[in-house]
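Quick note, the sequences are listed as chains A and B, same order. Sequential numbering from 1 applies to the first sequence in full-length UniProt numbering. Sequential numbering from 1 applies to the second sequence in full-length UniProt numbering.
Hints listed in this document are in silico derivations from the structure and should not be mistaken for laboratory results. Just to be clear, a hint being listed does not mean it is correct.
To be verified - List of simulated lysine to any residue pairs, SDA-like, C-alpha gap at most 20 angstroms:
{"#": "1", "chain 1": "A", "residue 1": "58", "chain 2": "A", "residue 2": "24"}
{"#": "2", "chain 1": "A", "residue 1": "58", "chain 2": "B", "residue 2": "36"}
{"#": "3", "chain 1": "A", "residue 1": "23", "chain 2": "B", "residue 2": "36"}
To be verified - Label pairs and their computed distance ranges (CB to CB):
{"#": "4", "chain 1": "B", "residue 1": "50", "chain 2": "A", "residue 2": "117", "range": "24 to 30 angstroms"}
{"#": "5", "chain 1": "B", "residue 1": "5", "chain 2": "A", "residue 2": "75", "range": "29 to 35 angstroms"}
{"#": "6", "chain 1": "B", "residue 1": "50", "chain 2": "A", "residue 2": "213", "range": "47 to 53 angstroms"}
{"#": "7", "chain 1": "A", "residue 1": "213", "chain 2": "B", "residue 2": "87", "range": "47 to 53 angstroms"}
{"#": "8", "chain 1": "A", "residue 1": "43", "chain 2": "B", "residue 2": "33", "range": "25 to 31 angstroms"}
{"#": "9", "chain 1": "B", "residue 1": "93", "chain 2": "A", "residue 2": "27", "range": "31 to 37 angstroms"}
What the hints assert, rightly or not - Here are some chain A residues pointing at chain B (derived, C-beta under 8 angstroms):
{"#": "10", "residue": "48"}
{"#": "11", "residue": "119"}
{"#": "12", "residue": "123"}
Every residue gets a Cβ at the ideal spot worked out from N, C-alpha and C, and that includes glycine.
What follows is the residue order along each chain.
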Amino acid sequence: MAVTNRIRRSMIFLNTQRAALVKDAFVYHPDCVIFDLEDAVAEGEKDSARIQLYQTLKHVDYQGVERWVRVNALDSDLVNEDIRAAVAGGTEGIRLPKTETAAEVKEASAKITAAEKEFDRPVGSTMLMAALESPLGVMNAYEIATADDRMMGIALSAGDYTRTMHAKRTVAGTELFGARSQMLIAARAAGVMAFDTVYTDTDNEEGFKKELQLIKDMGFDGKSCINPKQIGITHEIFNPSAAEIKHAEHVLQAVNDSKENGVGVLTVDGKMVDVAWVEGAQRNLKLAKAAGIYKGALV
Amino acid sequence: MKVTTQAIAGTLESSDAQVMILPHSGSVKVELTSSVFDQYGDHIIALAKDTAKTLGLEDGLIKIVDKGALDCTIKARIETAFYRMTGQTADLPWEVL
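Using the sequences plus the hints, can you model the full thing?
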């Protein structure tokens, strides 16, 4: 199986029905794009969007931006052809909407396997991401995340989730706290990535930044975006700060030195640290390196 | 395959193309309206004929109103119009499109 380990701070949805959106979205430098065949596409244009998807995947060079496809729901009569087109076109991954059970992930994986065989792609090379959009999906997050080797991550989709929870969207995101926490714990336990829902008030930059800081502090790996202007802000918040990079370097250097001196606990930048800090420091430096803002040799 | 009924795909938005397929006996004919006709007209017409050949179209009129679309979009709109004409919605031969 080929789940790739890479930076995925931003994933921007593109309405595949619209040629102007899919022709060159790589110029905004997102980490990933999600070609949408589902909610954004009008019912009468599903066929057109799917063919546009295939031709875009085949002929537009996305210059290293990871390409995902959000297919229609598993119980629709559209999903089989969506998966065939996406796999034939060479997508890196399929985003499965409205996922509620591990069995659905397995069913989607079986359809992907059939398409990989049909179009001579290596079996297992197409990744899967499951969107959790209901109380049942959130409750089953761990089973969903561990259902198949293709699983790269799980993503929260707040629109349907708040509707099915009889909740109201708030600026603070209070209504999402339980779902965010549960799916994040599930993702970490399963060893997959976790992505937060879209922020729909695209003119509220301050609100967007606050939400990004919240989900970064919680431990999310990235955020779904709906507007190109959200990409740069997302990267800015998710990138380790200069102070975080410096501190991570100090931690790793100090721990390396302490190994030679036989010291278990030490002080770095005025704070007590021990070997438990190493993983976090390494993660920060790896993220900084992947983002192109750390050139050192400690990771 | 011959065109027996008309079908349409695409839009007149920037970067898109609107394609209509209509009955026309004898051959595949392409009518193109494009703001870049002088630079790319021959290329787009050749692309349309090539796409029609791949689809197995023996005759028909392909009317294209190009709004600065990439080749892959023009191709996609012709293919969409073609499959709307045939009524085929599943099991498309993606490997040859």
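Against the structure, the hints:
no., hint, result
1, 58(A) with 24(A), "14 angstroms, holds"
2, 58(A) with 36(B), "24 angstroms, violated"
3, 23(A) with 36(B), "18 angstroms, holds"
4, 50(B) with 117(A): 24 to 30 angstroms, "29 angstroms, holds"
5, 5(B) with 75(A): 29 to 35 angstroms, "32 angstroms, holds"
6, 50(B) with 213(A): 47 to 53 angstroms, "52 angstroms, holds"
7, 213(A) with 87(B): 47 to 53 angstroms, "52 angstroms, holds"
8, 43(A) with 33(B): 25 to 31 angstroms, "29 angstroms, holds"
9, 93(B) with 27(A): 31 to 37 angstroms, "32 angstroms, holds"
10, 48, "5 angstroms, holds"
11, 119, "6 angstroms, holds"
12, 123, "17 angstroms, violated"
When each numbered hint is compared with the structure, violations occur for hints 2, 12.
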